[in-house]
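A.B. asks: Letter by letter, the chains look like this.
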Amino acid sequence: MYRLPIGKYVEIGVDWLTDNLSTFFDIIKSAFLFVIDGFEFIYVGIPFIIMLAIICTIAWWTAGKKTALFTLVGALVIKSIELWELTMKTFALVTTATVIALVIGIPLGIWMSRSNRLNKGMRPILDFMQTMPAFVYLIPAVYFFDLGPVPGAVATVIFAMPPIVRLTSLGIRQVPRDVIEASRAFGCTPKQMLFKVQIPLAKPTILAGLNQTIMLSLSMVVISSMIGSGGLGDIVLKGITQMKIGVGFEGGLAVVILAMILDRITQSIGKPKSKRKVA
Amino acid sequence: MIKVEVKNLYKIFGPAPQKILSHIKKGTVSKKEILKKTDHGIGVNNASFQVEEGEIFVVMGLSGSGKSTLIRCLNRLIEPTAGEVYIDNEDIVKYDVDKLREIRRKKISMVFQNFALLPHRTIEENVAFGLEVQGLKLEERINKAVEALVLVGLKGYEKSMPSELSGGMQQRVGLARALATNPDILLMDEAFSALDPLIKKEMQDELLSLQVKMHKTIIFITHDLDEALKIGDKIAIMKDGVIVQIGSPEEILKKPADDYVREFVQGVNRTKVVTAGSIMKNTDTIVFSKDGSRVAVRKMKEASISSVFVVDKQRRLKGIVTIENATKLIKENKEDLNEIIDTDVEVVSPDTLIEDLIPLFINSKYPIVVADEERKILGIIFKVSVLAGIMGEEEYDV
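Chains as they are written, first to last, in the working numbering: chain A, 26 to 304; chain B, 609 to 1006.
Keep in mind that the hints were calculated from the coordinates and are not lab data. No incorrect hints appear here.
Listed below are the simulated DSS-like cross-link pairs for lysine-lysine, each with C-alpha atoms no more than 27 Å apart in a straight line:
hint, chain 1, residue 1, chain 2, residue 2
1, A, 221, B, 714
2, B, 715, B, 752
3, A, 221, B, 707
4, B, 767, A, 228
5, B, 926, B, 907
6, B, 715, A, 216
7, B, 752, A, 221
8, B, 745, A, 216
9, B, 767, A, 221
Turn these sequences into a full structure, and let the hints steer you where they fit.
C.D. replies: This is how it looks when you write it as structure tokens:
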């Protein structure tokens, strides 16, 4: 049977892109690096005690006492197994990838909610981005951006963006028709409609998308340590390659703790802290 | 003054409405045929009507009759396929986006069946929404919102959330939101249909009493005939996108334009609609107070009745005399009727509803007099005419 030369064409395509668009990739690389370094500088630079206080306070505000307590204990565990700095590096990568995914994903989601054609066209692309085994992104990313944190972050953005795009679009589409009609009847401009009605009403769904995007970023950031992105992934990778179960487990534990803290906090954003009493 | 005028309005849903429009204009194609043969639906079919300023104009029809489509054409939430919609003599169908937005912000507002409040905003923020969209400053719009809330009786709920309020209260918020921009025209799309019967009645009364103060031009959509008859100054009945009849509540009840309307009005509680004026009988048999007892007795005998109403020179009602008392007077050789006039007669105005006549009859042995403000007799009502009025078999003295 005839073998479709898909892989070959992809290689040719990637080669062409590296040859012809190298300046473009360089610009992206510097931009990513700037953001990653910036976050890393802040997270690692802030002394542990102060950082701990900040995170615990945020956890208390958004998710309450229990999460704050968990955050405190979790952070102390990470500190005591001497993984705090690496955790902060991973966190910087996650933050970068998430911020970039949001900056691209939310407007794209809004656009998709308004155009059925775009919505149809984007769906297979989003499926592709999300289901393609994450490792596969690493190869072209290295081609374009060399080794280091940038290709990892780029691959992470691609892998983690679909939920925020999908759920932004879904959230806006789910705004009740009569509310939309009412705001039209009162003379809203499209912009007023978006910011005063659609986004506020879609907020819970959009935040669910944010939560998923952060979780996916975290898992991908760990994987991208294979191309030298650094952070906790390095420890896990060391555990695997050197068959050091203890080291691997400690690295994995730190990832889990970071994931749980981020998950609990982002899940409680946007939820009312206490239900109002009926007047 | 005519506030809203709709001329030959059509709305056809589907991929090629203009093509279907020419078919409809030409021939007698029914809604079903169009639906069956093409992918099109007719929302509104050649609707024309006028609404006077300060009038409550009710559009009534079953679901699918096109009434909601019609009302949405009036502020172009739905674009009409053809026809004109004049508001203050300007055809808004020709308006561009900016002018349309302006008129939606300032002149027309709308109340929705399911309230359509913004769940993430407090009551006062919801009410201020229209003003916020206009670009008013926070303080100013909150002040106006609070005023509107007072108007609908929701003072004290400014900071509540919509989900904390009952359906009736939520619709008061909807009404306050529509009133806050001080529009000339209110479009109310099945505004009370989602409410419990008791709350619904309360809201209808509230709307009527607000209307006394506000004099808005209101276009009200409903599928409930009782509601239409209660609040409408004029009613348009719609079927399959066509307005089959326009008239006052009494006209609709008394002269249904076709079988469809007749069937509709059959179940109506007529006591709430039919008025004294429409069931009263003309009466020629009255006596003047100067006439004297003999004239009175003769007139009663001629008309074979046992009592007769007495009026003064200006035909103003003085009371009633019975044949027994008048004969007694003759036996005593007295003439002056004033001695025996019974003033205990129920007098009503012609627009009194049958509903309100019934209790009067319970306590009165005489027919009820229908009179104008100066107590001049316009007609009289017998018990039997009330029953006939309820049954819908009244004869009219036209």
